[in-house]
Amino acid sequence: MRVCIKFLGNLAELLGSEVCLELSRCSSIAEVMWSLIKEKNVPVVPEHLIFLSGGKSVSPEDSICRFNELYVIRTLQGG
Amino acid sequence: MSQLWIFRDFDKCSGCRLCEITCSLKHEGVVWPEASRITVLEFAPGVAIPHTCVQCYDYPCVKVCPTNALYVDSRTGAVLVDTGKCTLCGVCVKVCPARVPKVVKGKNYVLICDLCGGEPECVKACKGVGFNALEVVPKPEKAYVDPYITLPEVIASKLSSKVYKEFGKEVLGL
Amino acid sequence: MNGFWGRLLEVDLTSSSYKEVKIPSTVFRKFLGGRGLATWLLWSELGSKWESVDPLGPENILLILTGPLTGYYPGIKLIVSGKSPQTNGVVGSAISSEVAVEVKTAGYDGVVIKGSSKDPVYLYIHDDRVEVRDASKLWGKTGIELLRMLREEVRVNYDLEGVKSLPPALYIGPAGENLVRTAPVNAKWTHGAGYGGYGAVMGSKKLKAVVVRGSGPLPKVANFEEFVKLWNELIKLIPTKNYWFKFWGTPSEYYFAGNRKSSEPIRNWQEEWHDVIEYSHHDLETKVWVRRYWSDWGCPLSCMKVSIVSIDGKYYLTDGPDYEMGAYLGSNLGIFDVKEFTALSALADNLGLCGIQTGNVMGFAFELYEKGVLTKEDVGYELRWGDFKVASKLIEDITYRRGIGKVLAEGTYRAALKIAEMKGLKPEEVLKYAIQAKGIGIGAHGIRSKADFPQPIAYVCSVHGGDHTSVAGLPINTIESESWKAFFDSAVVCWFNLFNIPEDTVIKFLNVVTGWGMSKDELYKELGPRILTLQRVLLLLGGPDVYWDPRVHDDNPPRFYEPLPSGPYRGKTGDREEVRKLKIQYFSELGWDELGIPTKDTLIKLGLTELETAVERVKKRLGI
Chain R
1 MRVCIKFLGN
11 LAELLGSEVC
21 LELSRCSSIA
31 EVMWSLIKEK
41 NVPVVPEHLI
51 FLSGGKSVSP
61 EDSICRFNEL
71 YVIRTLQGG
Chain L
1001 MSQLWIFRDF
1011 DKCSGCRLCE
1021 ITCSLKHEGV
1031 VWPEASRITV
1041 LEFAPGVAIP
1051 HTCVQCYDYP
1061 CVKVCPTNAL
1071 YVDSRTGAVL
1081 VDTGKCTLCG
1091 VCVKVCPARV
1101 PKVVKGKNYV
1111 LICDLCGGEP
1121 ECVKACKGVG
1131 FNALEVVPKP
1141 EKAYVDPYIT
1151 LPEVIASKLS
1161 SKVYKEFGKE
1171 VLGL
Chain G
2001 MNGFWGRLLE
2011 VDLTSSSYKE
2021 VKIPSTVFRK
2031 FLGGRGLATW
2041 LLWSELGSKW
2051 ESVDPLGPEN
2061 ILLILTGPLT
2071 GYYPGIKLIV
2081 SGKSPQTNGV
2091 VGSAISSEVA
2101 VEVKTAGYDG
2111 VVIKGSSKDP
2121 VYLYIHDDRV
2131 EVRDASKLWG
2141 KTGIELLRML
2151 REEVRVNYDL
2161 EGVKSLPPAL
2171 YIGPAGENLV
2181 RTAPVNAKWT
2191 HGAGYGGYGA
2201 VMGSKKLKAV
2211 VVRGSGPLPK
2221 VANFEEFVKL
2231 WNELIKLIPT
2241 KNYWFKFWGT
2251 PSEYYFAGNR
2261 KSSEPIRNWQ
2271 EEWHDVIEYS
2281 HHDLETKVWV
2291 RRYWSDWGCP
2301 LSCMKVSIVS
2311 IDGKYYLTDG
2321 PDYEMGAYLG
2331 SNLGIFDVKE
2341 FTALSALADN
2351 LGLCGIQTGN
2361 VMGFAFELYE
2371 KGVLTKEDVG
2381 YELRWGDFKV
2391 ASKLIEDITY
2401 RRGIGKVLAE
2411 GTYRAALKIA
2421 EMKGLKPEEV
2431 LKYAIQAKGI
2441 GIGAHGIRSK
2451 ADFPQPIAYV
2461 CSVHGGDHTS
2471 VAGLPINTIE
2481 SESWKAFFDS
2491 AVVCWFNLFN
2501 IPEDTVIKFL
2511 NVVTGWGMSK
2521 DELYKELGPR
2531 ILTLQRVLLL
2541 LGGPDVYWDP
2551 RVHDDNPPRF
2561 YEPLPSGPYR
2571 GKTGDREEVR
2581 KLKIQYFSEL
2591 GWDELGIPTK
2601 DTLIKLGLTE
2611 LETAVERVKK
2621 RLGI
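Protein chains in written order, with the working numbering: chain R, 1 to 79; chain L, 1001 to 1174; chain G, 2001 to 2624.
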């Protein structure tokens, strides 16, 4: 199972504009994000991410195997 | 089964007024904070008092109503208004020691909390959002209810001293 | 009409008269309320002579506007607008104030204030009762004092229940009265509509305050059952999805932005990274917070906290401080002590100063002093980084336009030009220390590390200049673009209550309230670009004192092209070539040419053909 995750905005700078993963197991989107963020040690809070597929928003608890393409965007923070 | 009562934890009220919104949605079918039977009065930053009927044991408002428009729901203990009998004379407003009953432009009867028939909406909203300043409890003993029969600014004064310590009075500026 | 009235209250301070103005629902459909409506109204009334309208003169119009989602979507914001004394364009400046609901329950979608008064006045609105009242005793009063006097005014003159609570009011402090160009419009002790400088506009109209009480219901919504269901879901969903933000508020950024994202202003942005762990939300909580949750109207998120500090027997009260206030009056001045920047934040609130703009111009002044451009003779005392007493003094000097404060009160951009003139220097030699875009000091989120949210073109392409709450970005049809910000500033919804809520949910909420069938496509392809295009044209019309040239001013401040000197992103910086390419791409996707001038086709597509002559005026001025 292969999924390509496109990171938008400055997330692309931190995590790569596109990251394609060969999945051996079906974890949640949230879990996959967590590992990516920890691996790269970037200042991204997983709870601040919104996920889109086919123009519709998708829950982070959904299984990543459901999608072959996913867009990730950071909800702005700070005021 | 005992009558019920809305417990207020003034320490926890954030002043969000979601209780006012939901009360008016329930009773008026529209967002109408002025017509809410619970009013949050903010006297200073962080000193917000959710103010509503405490169902005094001696029900002075009911006693004094000249047209017998006010009566007590024996099941919940709430003060109910017979909308057909209320003439908006305003006597209950004057006699209430806590200034609770509301006369609102556009309503032809006085507004007093009716405890939503037993499941107060304000409590649901306050819990839903997570501030938990309101809770439904069995109606307490008279000695526990009486201290709540007071003007909101009196409670604000105590809360202000607690929150602001030596600056309590100065910040409140009343 | 569902969700709004289609009705504004127009007050003329010159003649002390008022009237009701009807706004067709088609206008709300095309522009929503708030920022969009403000821009359309200002264009309609002043567009033909825009360049000559002095923002601090009687011709300017002050707008206080709600939107179709005001009072329905959880949380609250109110838009204050007019011709901006800072950008000479239009800024939709947002403030958290229950005045938004009071205006709407009084029966209006907003208040339009024209002309100016000879003597200080305040406006009192209670449903259909509108009075322009004498404010001579209120003039000169600072925030807290003023609110108490307003409470007495309202209590003594009008018989109101619960009268000892604070009246819902917008007001200005001494800074606005003294036409400090960056002065905000204040509310509720510590809130402000900062970006845009509309406090100075109120001051120029001698308008000290606007007190509003509404006793009616809000307008009906299109689908009541759906609305109640969605509302109940959202008041639970918003806090659940933003647990950390609710608990810690924006103060969680002090250490996060500074240490991890490397995007916090330090000593006039000379650095953006620090490792001072005591400069954080934990220290704020233990040393200055007294209330964790201090909500605004209808808000389930309650990001603001109440802080109090005691110095020399006096108390200083503020909220948070909100990250922006604290960063700008803290690390940007080299002050890392939480008690000190909390006190400075409280000072700014009370004097009616914008924490961001004031911290920005102070950092600018401190660096000029450090570099020897400003001397002790110019200032009257030494401007030392990290010196709380010096910072307090300078804040007061700016408020009262004393000494160098007189120049700094003009905002960083104009102060830079003035100082260059004073010192016989070329403007660029001083502007290189000015961290601003189009007259607005840049919000406390830098672009160099690319680890925070603002993209390289964030402030370059924004129609609000340095406004961090309205940054531009790509892709153009996502929340990264300025179209999303134009949307929520016009629906009028608090940005924070949108965090982690999908756009679809928000648009659905709008449709449930208004009965419209707005789609995400329409938002990003029509509504957003329409509002931004109108704002862009007015921004480029500019005048009377300052005009923007896209070839020069659609850019980052010079400092953002200097490499970061420290931290994990050391060496990173803005890339001029990258900025140039992204800017052109962004403009093109919005339907503007390479100079960011809306094309004729775009004007036609967006229903803005009336702007054609204005675009010609812009081109003529630029000599193209």
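Don't read these hints as lab results, they were simulated from the structure. Note that the structure is a prediction, hence the values are computed from the model and not measured. Don't take each hint at face value.
[To be verified] Quick list of in silico lysine-lysine cross-link-like pairs, DSBU-like style, CA-CA up to 30 Å:
{"id": "1", "chain 1": "G", "residue 1": "LYS2426", "chain 2": "G", "residue 2": "LYS2406"}
{"id": "2", "chain 1": "G", "residue 1": "LYS2339", "chain 2": "R", "residue 2": "LYS56"}
{"id": "3", "chain 1": "G", "residue 1": "LYS2376", "chain 2": "G", "residue 2": "LYS2418"}
{"id": "4", "chain 1": "G", "residue 1": "LYS2371", "chain 2": "L", "residue 2": "LYS1026"}
{"id": "5", "chain 1": "L", "residue 1": "LYS1139", "chain 2": "G", "residue 2": "LYS2236"}
{"id": "6", "chain 1": "G", "residue 1": "LYS2287", "chain 2": "L", "residue 2": "LYS1012"}
{"id": "7", "chain 1": "G", "residue 1": "LYS2164", "chain 2": "L", "residue 2": "LYS1063"}
{"id": "8", "chain 1": "L", "residue 1": "LYS1127", "chain 2": "G", "residue 2": "LYS2581"}
{"id": "9", "chain 1": "L", "residue 1": "LYS1094", "chain 2": "L", "residue 2": "LYS1063"}
{"id": "10", "chain 1": "G", "residue 1": "LYS2164", "chain 2": "L", "residue 2": "LYS1165"}
{"id": "11", "chain 1": "G", "residue 1": "LYS2241", "chain 2": "L", "residue 2": "LYS1012"}
{"id": "12", "chain 1": "L", "residue 1": "LYS1169", "chain 2": "G", "residue 2": "LYS2581"}
{"id": "13", "chain 1": "G", "residue 1": "LYS2371", "chain 2": "R", "residue 2": "LYS6"}
{"id": "14", "chain 1": "L", "residue 1": "LYS1165", "chain 2": "L", "residue 2": "LYS1094"}
{"id": "15", "chain 1": "L", "residue 1": "LYS1158", "chain 2": "G", "residue 2": "LYS2339"}
{"id": "16", "chain 1": "G", "residue 1": "LYS2229", "chain 2": "L", "residue 2": "LYS1107"}
{"id": "17", "chain 1": "L", "residue 1": "LYS1026", "chain 2": "G", "residue 2": "LYS2164"}
{"id": "18", "chain 1": "L", "residue 1": "LYS1165", "chain 2": "G", "residue 2": "LYS2376"}
{"id": "19", "chain 1": "R", "residue 1": "LYS56", "chain 2": "G", "residue 2": "LYS2287"}
{"id": "20", "chain 1": "L", "residue 1": "LYS1169", "chain 2": "G", "residue 2": "LYS2406"}
{"id": "21", "chain 1": "G", "residue 1": "LYS2164", "chain 2": "L", "residue 2": "LYS1169"}
{"id": "22", "chain 1": "G", "residue 1": "LYS2229", "chain 2": "G", "residue 2": "LYS2137"}
{"id": "23", "chain 1": "G", "residue 1": "LYS2220", "chain 2": "L", "residue 2": "LYS1169"}
{"id": "24", "chain 1": "G", "residue 1": "LYS2220", "chain 2": "G", "residue 2": "LYS2241"}
{"id": "25", "chain 1": "L", "residue 1": "LYS1012", "chain 2": "L", "residue 2": "LYS1158"}
{"id": "26", "chain 1": "R", "residue 1": "LYS6", "chain 2": "G", "residue 2": "LYS2287"}
{"id": "27", "chain 1": "L", "residue 1": "LYS1142", "chain 2": "G", "residue 2": "LYS2164"}
{"id": "28", "chain 1": "L", "residue 1": "LYS1012", "chain 2": "G", "residue 2": "LYS2432"}
{"id": "29", "chain 1": "G", "residue 1": "LYS2432", "chain 2": "G", "residue 2": "LYS2605"}
{"id": "30", "chain 1": "L", "residue 1": "LYS1127", "chain 2": "G", "residue 2": "LYS2287"}
{"id": "31", "chain 1": "G", "residue 1": "LYS2572", "chain 2": "G", "residue 2": "LYS2600"}
{"id": "32", "chain 1": "L", "residue 1": "LYS1026", "chain 2": "L", "residue 2": "LYS1085"}
{"id": "33", "chain 1": "G", "residue 1": "LYS2019", "chain 2": "L", "residue 2": "LYS1012"}
[Unchecked claim] A short, non-exhaustive set of chain G residues, derived as facing chain L with CB atoms under 7 Å:
{"id": "34", "residue": "GLY2057"}
{"id": "35", "residue": "GLY2071"}
{"id": "36", "residue": "TRP2139"}
{"id": "37", "residue": "LYS2164"}
[Said to hold, decoys possible] To give an idea of the chain R side of the interface with chain G (calculated C-beta under 10 Å), a few residues:
{"id": "38", "residue": "MET1"}
{"id": "39", "residue": "VAL3"}
{"id": "40", "residue": "GLU13"}
Ideal Cβ placement from N, Cα and C applies to all residues, glycine included.
Each hint tested on the structure:
{"no.": "1", "hint": "G:LYS2426 x G:LYS2406", "result": "holds, 21 Å"}
{"no.": "2", "hint": "G:LYS2339 x R:LYS56", "result": "violated, 45 Å"}
{"no.": "3", "hint": "G:LYS2376 x G:LYS2418", "result": "holds, 17 Å"}
{"no.": "4", "hint": "G:LYS2371 x L:LYS1026", "result": "violated, 64 Å"}
{"no.": "5", "hint": "L:LYS1139 x G:LYS2236", "result": "holds, 28 Å"}
{"no.": "6", "hint": "G:LYS2287 x L:LYS1012", "result": "holds, 20 Å"}
{"no.": "7", "hint": "G:LYS2164 x L:LYS1063", "result": "holds, 28 Å"}
{"no.": "8", "hint": "L:LYS1127 x G:LYS2581", "result": "violated, 50 Å"}
{"no.": "9", "hint": "L:LYS1094 x L:LYS1063", "result": "holds, 13 Å"}
{"no.": "10", "hint": "G:LYS2164 x L:LYS1165", "result": "holds, 21 Å"}
{"no.": "11", "hint": "G:LYS2241 x L:LYS1012", "result": "holds, 21 Å"}
{"no.": "12", "hint": "L:LYS1169 x G:LYS2581", "result": "violated, 59 Å"}
{"no.": "13", "hint": "G:LYS2371 x R:LYS6", "result": "violated, 45 Å"}
{"no.": "14", "hint": "L:LYS1165 x L:LYS1094", "result": "violated, 33 Å"}
{"no.": "15", "hint": "L:LYS1158 x G:LYS2339", "result": "holds, 26 Å"}
{"no.": "16", "hint": "G:LYS2229 x L:LYS1107", "result": "holds, 26 Å"}
{"no.": "17", "hint": "L:LYS1026 x G:LYS2164", "result": "holds, 28 Å"}
{"no.": "18", "hint": "L:LYS1165 x G:LYS2376", "result": "violated, 41 Å"}
{"no.": "19", "hint": "R:LYS56 x G:LYS2287", "result": "violated, 44 Å"}
{"no.": "20", "hint": "L:LYS1169 x G:LYS2406", "result": "violated, 36 Å"}
{"no.": "21", "hint": "G:LYS2164 x L:LYS1169", "result": "holds, 14 Å"}
{"no.": "22", "hint": "G:LYS2229 x G:LYS2137", "result": "violated, 48 Å"}
{"no.": "23", "hint": "G:LYS2220 x L:LYS1169", "result": "violated, 42 Å"}
{"no.": "24", "hint": "G:LYS2220 x G:LYS2241", "result": "holds, 29 Å"}
{"no.": "25", "hint": "L:LYS1012 x L:LYS1158", "result": "holds, 14 Å"}
{"no.": "26", "hint": "R:LYS6 x G:LYS2287", "result": "violated, 42 Å"}
{"no.": "27", "hint": "L:LYS1142 x G:LYS2164", "result": "holds, 28 Å"}
{"no.": "28", "hint": "L:LYS1012 x G:LYS2432", "result": "violated, 49 Å"}
{"no.": "29", "hint": "G:LYS2432 x G:LYS2605", "result": "violated, 39 Å"}
{"no.": "30", "hint": "L:LYS1127 x G:LYS2287", "result": "holds, 29 Å"}
{"no.": "31", "hint": "G:LYS2572 x G:LYS2600", "result": "violated, 39 Å"}
{"no.": "32", "hint": "L:LYS1026 x L:LYS1085", "result": "holds, 22 Å"}
{"no.": "33", "hint": "G:LYS2019 x L:LYS1012", "result": "violated, 43 Å"}
{"no.": "34", "hint": "GLY2057", "result": "violated, 35 Å"}
{"no.": "35", "hint": "GLY2071", "result": "holds, 5 Å"}
{"no.": "36", "hint": "TRP2139", "result": "violated, 20 Å"}
{"no.": "37", "hint": "LYS2164", "result": "holds, 5 Å"}
{"no.": "38", "hint": "MET1", "result": "violated, 25 Å"}
{"no.": "39", "hint": "VAL3", "result": "violated, 20 Å"}
{"no.": "40", "hint": "GLU13", "result": "holds, 4 Å"}
Of the numbered hints given earlier, the model fails hints 2, 4, 8, 12, 13, 14, 18, 19, 20, 22, 23, 26, 28, 29, 31, 33, 34, 36, 38, 39; all others are met.
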